[in-house]
Every structure is written in structure tokens, then in C-alpha cells.
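Protein chains in written order, with this note's numbering: chain A, 1 to 95; chain B, 1 to 97; chain C, 1 to 170.
I should point out that these hints are in silico values taken from the structure, not numbers from a laboratory.
Be a bit skeptical, because a hint or two may be false.
Said to hold, decoys possible - Only part of the chain B face toward chain C is listed, based on derived beta-carbon distances under 7 angstroms: (1) Phe19; (2) Ala22; (3) Gly26; (4) Asp32; (5) Thr33; (6) His38; (7) Lys42; (8) Pro57; (9) Ala59; (10) Leu66; (11) Lys67; (12) Ala80; (13) Ser83; (14) Ala87; (15) Val89.
All values reported here derive from a predicted model rather than from experimental measurement.
Beta carbons are placed, not taken as given, at the ideal position from N, Cα and C, and that holds for glycine.
Here is how the chains run, residue by residue.
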Amino acid sequence: MPDFLTGAAVFILVVTGLGLFRVLRSQVAVERMMAVQLLGTGGAAVILLLGTATASDALTDVALLLMLLSAFSCAAFTLGQSSSATATERAEEKP
Amino acid sequence: MTGFVDAFTVLAVGSGAIFFLAGTLGLLRFPDTLSRLHALSKADNLGLGLIVIGLLPHATSVSAGLKLACVWLLAQLSAATASQLIAGVARNRRPRA
Amino acid sequence: MNAVTGARDRTALFALLVRAAGFLVLWIVLMGPSLKDLPLGMVAAAAATWASTALWPSDSDVSVVGVGRFVLRFLPQSVAAGVDVARHAFKPSLDLEPGFATHRTALPPGMARGGLCAVMSLQPGKLPVAVARDGTIEVHCLDVRQAAAGPMAADEAAFTGMLRDGMRNA
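So here's chain A without its partners, still in its complex pose (with noise of 0.2 angstroms):
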């Protein structure tokens, strides 16, 4: 059964890679930001997945802040997009 889980986790490591690739070469900033969501998605199930191949729950905790990092730097970077959207708009209407 590790071994499976290992493997398992090798291919959403490499799945995920390759979507991050996409994402990152991307001249859009919304979708570098998708790079985080996905990071922390796949890197949760893979570290999920090698915690339990290794019987070691400590792994778990760190797929949880994984999760917990990337809510809110997606939470942040809206943040600043917002208050810098206002900001250029405010310029704009500035004669």
C-alpha cells in the first residue's frame, strides 16, 4: 500500500507541476494567482498521501497550513487588487 500511495502522490506532483507551469508562464496576474490555489490544493494531496505512506501524522498539520496559506493569499492579493483598482480609477477621474 505505500508504495501505491507514493506513486500516487508522484503523479498529482507531476500533474500539478504542469499546471503551474501553464499558470506562471501566464502574462495575466489573475491566473498567476490560480498558481497558489493550485499549489495548495495538489500540494495538500500530495503531502496527505506521503504522510500516510510514511505513517507519519505530523504531515497532516502541514497539508492543513498549506490549505490555510493559500486561502488567504488568494484573500490578500484581492485585497490589493481592489484597493489599487480604486486607486487607479480615482487617478483616472483626476483631469
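Chain A is fixed; fit chains B and C onto it per the hints.
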């Protein structure tokens, strides 16, 4: 009994991995940013959910299993909110369709 | 009059205590059951309860039966959403027609409306993008040909069934 449990894990984790593949394929193939966001938030989350279900029988204790479920719950919550936050930014960035 | 507000305060306090107990259980699940760490957990639960009142006022309650019915409806749909995306992604020829649809919600702005958007974003082929002040939700659809107004109204009805009066007309 263990054979049955292992078969269940292989099935759940395997299909979870397929959904991760689907998410990446969608990310590569879907035509615009918002559609790619659909692929990312929906397919990958189902993948993570299936993997958590597959790993549950191997949890060493009840609290370890509950913690696994917490990871999935947090992923579900964060996907639901983060995807529409990102979508809102994407919409403000471009002229209206 | 006073008796009524007193009873209301008491149910609000009770709701807060239930919530604090929930946070404590979550803390124990995350940190492991250890009697020595329990005081710290209680402090953390109290802080979490205090923070949660800003997002979710204590007088707004949800009905347990409503939540149950809602989860039973929501979970299969969330799975269907993932399957739907996967089906499209694996199709040799991409058969998508992305576009926007709108849905007018009757829910008040704030937590209830935000919750509805979050739930809708996990439904098959739908992703709420923006909410106007009058309650018009702009929804991005993977396939506009599938998206009818009917399912969205049904989603909202299922969601509203979970809320009790305090939140529905807050």
C-alpha cells in the same frame, strides 16, 4: 478485510488522481481565464476530497481521521471563496463582455 | 417587553456558548486531546468566538433540519460539478460556450448573500463573478446553453431554507 479496505483506497485515491489530471488538462485546454478557474476550483477539489476519503481507513486514530476531514473542509471553503474572489478581480480587469 | 428582550439575550448567549464549544472541539481535534493544553484551547476558542461575531451575529440562527437537507442536496451537486469539468477536459474536441448569466437574489447583502455565492461557485458549470447592489448576481457559466434560470432559483431556495428569520431579513 484488509484486502477490501485496500481496494477501496486504491479506487478512491486513483479516481482522485484522475480528477487532478482533469484539472490540469482543463487548465491547459479551456479557452479563457474564467473557464480555467472553473477547472481549477471544481476538479481539483473533488480530487482532494476523493483522496481524503481513500486515506480515511488508514488513519491511525479517530482524531487523525477528523483532522484529515478538516483539511478537506478547509479546502472546500477556501475554493468556494477564493475562486469567486479571483473571478471578481478577473472581471474588473477586463472590459465587459 | 423586557421579558422578551431578556429571553432573546438568553438564546443569543446560548448560541454563543454552543459556538464556543464547537471551536473548542475543533481545537482539540487539531491539537490532540491533552488535559495540560486545555486552558490554552479554551482561550483560543473564546478568541475565535469573539472574532466570529463580527462575521456572523449571534442572533442569526440556522435550522438543523435545513442544514441537513441542504448538505444532502449540495454534496452530490459538488461531485457533479467536478465530474462535469472533468468530462469537458477529457473530451477530444472542446465543446464549451463560456458566457455570463444573471440571477436576481432576494437575500440581504452581507453574510447570507456571500454564502449563497460561495455555494453557487461549487455548483456544476457556474461561478458567481460579481454582485450588484440590487442583488443581481453575475454568474460565469462554462456552457451558457445549459444554464437556465431555474436551477439557480432552486439553489437559492435550498440555501434560504437553511436560514432562520434573523438572517433571512437582516
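Do the hints match the structure? See the list:
Checking Phe19 (chain B) against chain C by beta carbon gives a least distance of about 6 angstroms; that is within 7 angstroms, so the hint holds. Interface hint at Ala22 (chain B): satisfied, since its Cβ lies 4 angstroms from the closest Cβ of chain C, which is below the 7 angstroms cut-off. A hinted interface residue such as Gly26 (chain B) counts as satisfied when its beta carbon comes closer than 7 angstroms to some beta carbon of chain C; here the least separation is about 4 angstroms, so the hint holds. Interface restraint check: Asp32 (chain B) against chain C, minimum CB-CB distance 6 angstroms, threshold 7 angstroms, status holds.
Given the 7 angstroms rule on beta carbons, the hint for Thr33 (chain B) is violated: about 10 angstroms separates it from the nearest Cβ of chain C. Interface restraint check for His38 (chain B): the shortest CB-CB distance to chain C comes to about 5 angstroms, inside 7 angstroms, so the restraint holds. For Lys42 (chain B), the shortest C-beta to C-beta distance to chain C is roughly 5 angstroms, which falls under 7 angstroms, so the interface hint holds. Because the beta carbon of Pro57 (chain B) sits about 18 angstroms from the nearest beta carbon in chain C, more than 7 angstroms, this interface hint is broken.
The beta carbon of Ala59 (chain B) comes no nearer than 12 angstroms to any beta carbon in chain C, farther than 7 angstroms, and the hint placing it at the interface is violated. Because the beta carbon of Leu66 (chain B) sits about 5 angstroms from the nearest beta carbon in chain C, less than 7 angstroms, this interface hint is met. Of the supplied interface hints, the one on Lys67 (chain B) holds, with its beta-carbon coming within about 6 angstroms of a beta-carbon of chain C, less than 7 angstroms. Annotation: Ala80 (chain B) was flagged as interfacial toward chain C, and the flag holds, the nearest CB pair being 4 angstroms apart, inside 7 angstroms.
The beta carbon of Ser83 (chain B) comes within 5 angstroms of a beta carbon in chain C, closer than 7 angstroms, and the hint placing it at the interface holds. The interface hint given for Ala87 (chain B) is met, as the beta carbon of that residue sits about 5 angstroms from the closest beta carbon of chain C, less than 7 angstroms. Because the beta carbon of Val89 (chain B) sits about 10 angstroms from the nearest beta carbon in chain C, more than 7 angstroms, this interface hint is broken.
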